[in-house]
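Q: Quick mapping for you: the protein sequence lines, in order, are chains A and B. Its first residue numbered 0, the first sequence is counted upward by one per residue in numbering that gives the first Met the number 0. Its first residue numbered 0, the second sequence is counted upward by one per residue in numbering that gives the first Met the number 0.
Rather than coming from a laboratory, the hints here were simulated on the basis of the structure. Just so you know, even glycine gets a beta-carbon here, dropped at the ideal spot from N, CA and C. Certain hints may be false.
What the hints assert, rightly or not - Just the calculated beta-carbon pair ranges, DEER-fashion: (1) Arg210/A x Phe179/B: 43 to 51 Å; (2) Thr78/B x Gly181/A: 16 to 24 Å; (3) Trp48/A x Ser117/B: 55 to 63 Å; (4) Ala131/B x Leu29/A: 41 to 49 Å; (5) Gly195/B x Ala111/A: 25 to 33 Å; (6) Ala45/A x Lys116/B: 52 to 60 Å; (7) Ser117/B x Val6/A: 51 to 59 Å; (8) Asp113/A x Arg109/B: 25 to 33 Å; (9) Pro25/B x Gly4/A: 31 to 39 Å; (10) Trp112/B x Gly10/A: 47 to 55 Å.
Unchecked claim - Lysine to any residue pairs mimicking SDA-like chemistry, simulated, CA-CA at most 20 Å apart: (11) Lys174/A x Ile67/B; (12) Lys156/A x Gly30/A; (13) Lys174/A x Ser160/B.
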Amino acid sequence: MTYLGWVTTYGPTYLDALGWTAVIAVLASLGAIVWGCALLLVPLVAGRWGARAVDAYVQVFRNTPVLLPIYLIYFGFPLIGLPWPAAVCGGLALVLQNGAYVSEILRGSVKAIDRVQFDAAKSIGLSPWSAFRKVVLPQVLVYSIPSLGNQVVLLLKDTSLLSAITVTELTMQAKLLTEQTGAAYEAFAVVAVLYLVLVSGTEVLFRAAHRAVRWSR
Amino acid sequence: MNASTLTLLLEGAGVSLALALTSIAPATILGAALTALGFSRFAALRVLYRLYVYVVRGTPLLVLALLIFYALPALDLRTGPYIAGALVLTLYVGALFAEVFRGGVLAIPRPQWESAKSLGLPPAAMLKKVIAPLVVRYTLPPYINVCVMTVKASSVLSIISVWELTLAAREIIERTLAVFTVLGVAAAIYFIMCFGLDRLGRRLERRLMARGFAGEPV
Numbered sequence: 000m001t002y003l004g005w006v007t008t009y010g011p012t013y014l015d016a017l018g019w020t021a022v023i024a025v026l027a028s029l030g031a032i033v034w035g036c037a038l039l040l041v042p043l044v045a046g047r048w049g050a051r052a053v054d055a056y057v058q059v060f061r062n063t064p065v066l067l068p069i070y071l072i073y074f075g076f077p078l079i080g081l082p083w084p085a086a087v088c089g090g091l092a093l094v095l096q097n098g099a100y101v102s103e104i105l106r107g108s109v110k111a112i113d114r115v116q117f118d119a120a121k122s123i124g125l126s127p128w129s130a131f132r133k134v135v136l137p138q139v140l141v142y143s144i145p146s147l148g149n150q151v152v153l154l155l156k157d158t159s160l161l162s163a164i165t166v167t168e169l170t171m172q173a174k175l176l177t178e179q180t181g182a183a184y185e186a187f188a189v190v191a192v193l194y195l196v197l198v199s200g201t202e203v204l205f206r207a208a209h210r211a212v213r214w215s216r
Numbered sequence: 000m001n002a003s004t005l006t007l008l009l010e011g012a013g014v015s016l017a018l019a020l021t022s023i024a025p026a027t028i029l030g031a032a033l034t035a036l037g038f039s040r041f042a043a044l045r046v047l048y049r050l051y052v053y054v055v056r057g058t059p060l061l062v063l064a065l066l067i068f069y070a071l072p073a074l075d076l077r078t079g080p081y082i083a084g085a086l087v088l089t090l091y092v093g094a095l096f097a098e099v100f101r102g103g104v105l106a107i108p109r110p111q112w113e114s115a116k117s118l119g120l121p122p123a124a125m126l127k128k129v130i131a132p133l134v135v136r137y138t139l140p141p142y143i144n145v146c147v148m149t150v151k152a153s154s155v156l157s158i159i160s161v162w163e164l165t166l167a168a169r170e171i172i173e174r175t176l177a178v179f180t181v182l183g184v185a186a187a188i189y190f191i192m193c194f195g196l197d198r199l200g201r202r203l204e205r206r207l208m209a210r211g212f213a214g215e216p217v
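Go ahead and model the full structure; you've got the sequences and the hints to work with.
A: Take a look at the structure:
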């Protein structure tokens, strides 16, 4: 079958899988950013022990492959009474892994903020939590947009690993089609192109966001 | 967790490490070659560099691995998963090294280029005595980082049935359902390998810097 024939025959199947990939990537990215912010806050409420715990957490997730948390949650949660669907397990693993990297990115941005901002916030009487929410966090997120974009692209590529726990995203779909029709080249070439489109689209989006935010300041 | 499962996991770790190390060497050469392409006089070669890096970095490693895993038998090269895995890892990490080396070359201060040219050095000597030492000095931390990423990336190859630590752990789990202990130990082994590699790299970095390796004042 020609490539064009392939695309027209299996286009809808691919779009379905693409939807899954996109949804998981978006939700896991948001979750990772929220989790990264939470990890940033832990030293503020738990002092030095909190800082050490977060540091250990980050080191663990930086030095282990992302497949391990995926397997841990997918195979382990049913054993402790939480038989969640595969996509949720995979998404949670991606959030935990990428949250560690996000917290490192955000911590770097916090260090880049002028000390004056913290003093000014205190001098107008903002509580630490309000100061964080209204002064620090917006600036940190703005500074971090390029690095966060990078991390989101990595997360997007990691969604392909969810095919190992039977989530029907793009890579799984390509494997299924290969097994059904034996046409490996076509199946995986189309998927590779789709991933390239997703990655480029994400990069364009984050670059536009970065430009938009800088102008408004 | 008994002795036999631990031995199995450690064997898998050995395979992971071997896979990573045997991919890093050719990947370094590939990366250096690609970087040279990226700085070529000919626009076509530069475009080739950009295209290669774009495709290899924009596609998930698993998709590249499956492509090569299924494509090799189609080209009548029935080499088995290990060769396919090492090949894919080399191609992938080569692109990462190419970007690292490119950053290193771009970081060389302009005065270095100008003094090399004013000395009338031929390209080979310039490469050996000026470019290479500086690039090594600048790129050692990200280079070690990519080496650690290679060890972690080897776990992805478990999905194309390369038997290494992650696949060993998964097989044990499917047999015994001891999910948390087995994966905990596997994670610890990966941690020791990656963290150890990182520390080794940092020690190497310190020793190079102590000797005033590339022109900076000691």
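Q: Run every hint past the structure and note whether it holds.
A: Going down the list of hints, with the structure as the test:
1. Arg210/A x Phe179/B: 43 to 51 Å: 46 Å, holds
2. Thr78/B x Gly181/A: 16 to 24 Å: 20 Å Cβ-Cβ, so the 16 to 24 Å window holds.
3. Trp48/A x Ser117/B: 55 to 63 Å: For Ser117/B against Trp48/A, whose Cβ atoms are near 58 Å apart, the range 55 to 63 Å holds.
4. Ala131/B x Leu29/A: 41 to 49 Å: With Cβ atoms ~44 Å apart, the hint holds.
5. Gly195/B x Ala111/A: 25 to 33 Å: 31 Å, holds
6. Ala45/A x Lys116/B: 52 to 60 Å: 57 Å, holds
7. Ser117/B x Val6/A: 51 to 59 Å: At roughly 57 Å between Cβ atoms, Val6/A and Ser117/B fall inside 51 to 59 Å, so the hint holds.
8. Asp113/A x Arg109/B: 25 to 33 Å: 31 Å, holds
9. Pro25/B x Gly4/A: 31 to 39 Å: With Cβ atoms ~38 Å apart, the hint holds.
10. Trp112/B x Gly10/A: 47 to 55 Å: 51 Å, holds
11. Lys174/A x Ile67/B: Holds, because 13 Å separates the two Cα atoms, which is no more than 20 Å.
12. Lys156/A x Gly30/A: Holds, at roughly 16 Å.
13. Lys174/A x Ser160/B: Holds - the C-alpha atoms of Ser160/B and Lys174/A are around 14 Å apart, at most 20 Å.
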